[in-house]
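A.B. asks: Below are the chains, spelled out letter by letter.
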Amino acid sequence: MAKSVRASVSKRNKAKLRATVFGPVVDARTQRLSAKLQELASQPKPNAERSGMELDITKTNDHIDKVDANVSTSNEDMDIDRSSVKNAQAHSNKSGRIQKRHKKSRSSIVFQPRLAMFEDNDNITAVPKAFDKVIFMVVDALRSDFVYSNNSGFLFTQSLIRSGAALPFTAYASSPTVTMPRLKAMTTGSIPSFLDVILNIAESDTSSTLAYQDTWLTQLKARGGQLVMYGDDTWLKLFPGLFERQDGTTSFFVSDFSEVDNNVTRHVPKELLRDDWSAFIMHYLGLDHIGHKAGPQSPYMLAKQYEMDSVVSRIYTSMEKEKHLQSTVFVLCGDHGMNDAGNHGGSSVGETSPALLFISPKFQTLGSFRKSPINPLKDFQYYRTVEQTDITPTLAGLLGFPIPLNSFGVFIPEFLDLWESSLKKVHILLENSKQLLRAMREAFPSHNFEPDLNSSHCEIEPLLDIEVARCSWFQVLRLLPDSSGIGKEELYPELESALLRFLKVAQRVMSSAASNYNLRNLLLGLGLNAFVAALSLPAAYKLLSTSGYAGAFFALSIISYGGMMFASSYVEEEQQFWNWTFTAWVFYLHIKSAMHPHCSISSKHRLSKHHNLYAPVLTRYGAVALLVSHRVLRRWNQTGQKFAAEPDIARSFLPSQRLVLWSLVALTYAYTCMCLFAHRCHSRLWRLCCFIVTAAALILKLAFVASDFPELLYETVPIRSGGILDGGPLILFTRLVMGGIFSLIPVSMYFSKGQQRSLGKEDFPSTVFHEALTLFLITQSKATNIPIFLILRLHAHIISLMKLSVLELTITSLIVQYMTFFAFGGSNAISSVDLSNAYNGVGNYNIIPVGVLTFVSNWSGPIWWVSATRVLRSKQARHERQAYLAVITFHLATTLISVMAACTALRTHLFIWTVFSPKYLYAIAWAIFNHLTVNFVGEILFLLKANG
Amino acid sequence: MPSPPSSPTPAPPIITTPQSTSPSTSSSTTAMESEKSAPPVPVLPTPLAKACASLYPLAVLAFYAARFQKVVDDPVAELAHQVPILLAAQVAFVVVCLPAKGTAEVVSEGGVGVEGKVGGSGAGNSGTGGGAGSGVILRPGKVGRRRTPNGGHASGSGSGSGGAGGAGGAATTLTILLATPVLATLLILFGAPFTTHHLQTLLCAVHMAILSSVALVYVHGVDGAVWREVWGVRRPGDVVWGGALGTCVGAWLGAVPIPLDWDRPWQAYPITILTGAYIGWAVGMALGRTLLYGKRIRFVEGDGELKKVE
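Protein sequence lines, in the order shown, are assigned to chains A and B. Under our numbering, the final residue of the first sequence carries the number 948; numbering is consecutive throughout. Under our numbering, the final residue of the second sequence carries the number 1310; numbering is consecutive throughout.
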């Protein structure tokens, strides 16, 4: 979370270096890669079979010569690579964009590990494999402290750590920390693209398949092994048809804590008895679901950890007992962690620190006994931290297959001691180094890795990572001929450390350079956006130029927002900007209302007596009331990065003050009900309808809370409605309530026939539609966020009393839309997407309803304000409405331009994937859903209605 | 102009003057409208006062800069230590450079109706004065009290030392007693921590109060009309109001560096705010004395512009 001073300094330096050095290389690399892939795809298959046979033939003891030979021929290798690349380049230039597409279009055979054969085959089995089989158990969101700390439920696993049978690590999972990119990292060893985040959500998309990429799964398959898979069906989408036996579970139905896991566990005993598989993969989702729904401190969490521990225990016992499992390595890992709210996707320490354990009785011979459990650490870095990509080369080394070509991983050196001969250790590392070196040559063709060239260069302290990598490779080369020629054992440790040093640097280089961009599309999008801004500019400018301070304020806020998008910390802390702007805007409103007190009062002369008393007071001190309520709102949910962990109202205060919480929630519902009453106050039937719907909505909320956050309910609400309404009935009930809420609108139309609207309510920001929408949004909000709607109502009421011009109202609406988005707990990190209400009334995963509900539950504040502003603007003339539309469109277009420009300009920035890209995704959501759908379409309907 | 009876609430009298006729009147012609109270206050016309007014903000900034490291190291202790020093300096400054409450009235060229009434006292109209900024008419008045209706006649020049001293004392007391809680509340409303950092907020408010309101109280006392103008941010620009508004705006701008991920110790809560307040105060004083002297923030039918009063 807290990035150090050093981080920000090195961030700048690296960005500079990357812009000048790596930037141009990246594009070239993309082309070459795609060309190479095409080349490979068109190669005949037999090669692979032959290589597979060679594996067995090749002897292990005469590898010294081969090491030597390889070193000497490495230059030739490169030349060959180059020439083939050149040949292929001609026809890849036109379409060489996304590698995935190429592979797909070219190959029809799924199972072939396309790239594995590219390894120089004669060396593959130089080292005897340590294991035959792998049991790969992924527990989704298994943060390191869930296994290693004092509070963990993994008691058996901790005993394994103490006995040395389990080697524990913290595996650094780079952002985006969502399941699919992490699985890609764990299986290919490469850093996945950010596009995978979207694909992760659009689960049905199979374009992200890894079937054509080189992974340890395909390597095992190529060796003739069988793979079985139970759990998260993301695997099945990544590797379609690869598994002999499989049973997928959907990873997006987060309300389900137990079924998903039982579905996996029931297969475990019988699979453990079978000996036909060489990889047995499990992916448990329950723990992640608990995190999303109830957070890491939830009472469910510990129970789930015990359950997972029992699975580990069962597997380990079998590994000890069963003969066919004796040569099996058991990997237990999390794909990512979670933050304190139980979400993930961002780059905070909690999210990037999953646990990683290699378990086998064999490891006891390594004699590494570690202390366990450990006191909870704040930075989650338990034991040694390795990269998540290291899993792939480590498995490759342990199971004895070639390292997948795209891997950036480094063999975890702790396992080197499984081989007694240091020759074999060196060999493992050398294989890894050559594979990485090959990848590096492709990435940096301008750098020469030939030893004869200026090695004197290395005597000066090299500045760039790539230079460091080169120099450490030269150092390896210097040591190599000696060791192979004479075979001095004493040189091996030195060589080993030199190799490890090279691997580390090479990994760093590759991880930071592993992105490719399509600049043309980026610029095209930017241009389109500028076009939209230019279209809306004339109308917006007309209004802005005649509006004095308000116009200046608007322009300044756009400019400062645009500038802010280029600074990573301001992107992370965007809520501060809106809060800060809001205070300034309230100050402006205050000056204005204090300046012309008579304006607002004279406009209220028609009000009832009740209003007459407090309206002037509220007008005069409305700004103060706005500020006070805003101050409360600001503290409701702490978001962002820097202050996210500080206590706030929704997570610290309300859960401990349940009576206050539920009183406020009840008040919110009651007030909404009253507002509904007020519209057709003469009809008893209407009142009854409203009451029933509101009461049903409240009961529904109670039922949801009882099933998801029972800790919010104890004592205060004696009725355990959760018990009655669970599973299917709850879904039905939810649908009924939602249907009821929306049927209020037609019902109210029926009642309004022949009836006049009650007097005195025109100044109140309320319509039946607005109230029904409020009720729906309340249903879609977390229980602790529901009282926020009271504050929103107060805000809307105060604003309605101030006599604001079109532009002022527009600016107010814009600021409060953004401000409330953050007040509800949103932020610019993927991890803050709240899924806990995304499945209300949805039985099965279906992208459309779940997507809509997810959007509504995360954007409830902005949606409410769009609707409230519409009510506030109900008396506006047509040209004023058009001006409103122009101004908000202009605002959106300009802010979007700044976000896009920032992402384009900073595409080589260190935080591009962790900070800027998530912001870009959010900007898309703001633009497409909030602006185009909610604001724009709603406004056009409104205009049409006003016309007709 | 007469004003209607004031309401029981602290709200100012409701002015029934019609809106300004044209929004484009940025010139000095229609300067008088709605309520008028004390006109902008110039620095005393003595050479000492003028030199002092120029140098004093710089001296305070230099002092603050010199002690900045200590503020960063231990904000609470250091800020507490600085309070008496700052207070003494500020009182000395206002006594030397500014006319005390009731001792000076600057009158605009067009003949201003100065209306200073609270709670039913009649409007006290000062006489017409000389040219812009130059006509300083000093008159005696009771320190810390409302202006009496008959305080309209001009007296000789030279501020009474007793009056000035008493005004300084009143300014000090009122600043501490009234302005500090108000500013602390404002700080919290504008986003300062509410549950923690109480001492920091309080000290920050004390510093801001000394910077902004010692001079205001010294010059204007508890003149209700002036304070209503302060509440409505409608005071004409002068050294006092410029300093006060600058302090608040500076403090607001001071929040900008806090979210940055530099993890510097000076990013801790009160420091940037207070630094912004100090800088804003100095800038506000300089601007108020020179460029923006006599100008007000003004909105006319949704059209806001700085309007010259002189």
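Incorrect hints may appear among the rest.
[Stated by the list, open to error] Simulated crosslink set (DSBU-like; lysine-lysine; CA at most 35 Å straight-line):
| id | chain 1 | residue 1 | chain 2 | residue 2 |
| --- | --- | --- | --- | --- |
| 1 | A | Lys323 | A | Lys424 |
| 2 | A | Lys803 | A | Lys378 |
| 3 | B | Lys1070 | A | Lys378 |
| 4 | A | Lys504 | A | Lys919 |
| 5 | A | Lys642 | B | Lys1070 |
| 6 | A | Lys371 | A | Lys504 |
In short, the hints are calculated from the structure, not lab data. Computed from a prediction, not measured in an experiment: that's the story for all the values here.
A.B. asks: A separate judgement is required for each hint: does it hold in the structure or not?
C.D. replies: Results of checking the hints against the structure:
Restraint check for A:Lys323 and A:Lys424: satisfied, since their Cα atoms lie roughly 27 Å apart, inside the 35 Å limit. Proposed proximity of A:Lys803 and A:Lys378 is contradicted: the alpha carbons are some 51 Å apart, above 35 Å. Simply put, B:Lys1070 and A:Lys378 have alpha-carbon atoms about 30 Å apart, close enough for the 35 Å limit, and the pair holds. Of the pairs offered as hints, the one joining A:Lys504 and A:Lys919 holds, with about 31 Å between alpha carbons and a cut-off of 35 Å not exceeded.
The suggested pairing of A:Lys642 with B:Lys1070 holds, with an alpha-carbon distance near 25 Å, which does not exceed 35 Å. Among the hinted pairs, A:Lys371 with A:Lys504 is consistent with the structure: their alpha-carbon atoms are about 26 Å apart, no more than 35 Å.
When the structure is compared with the earlier hints, a violation turns up for hint 2 alone.
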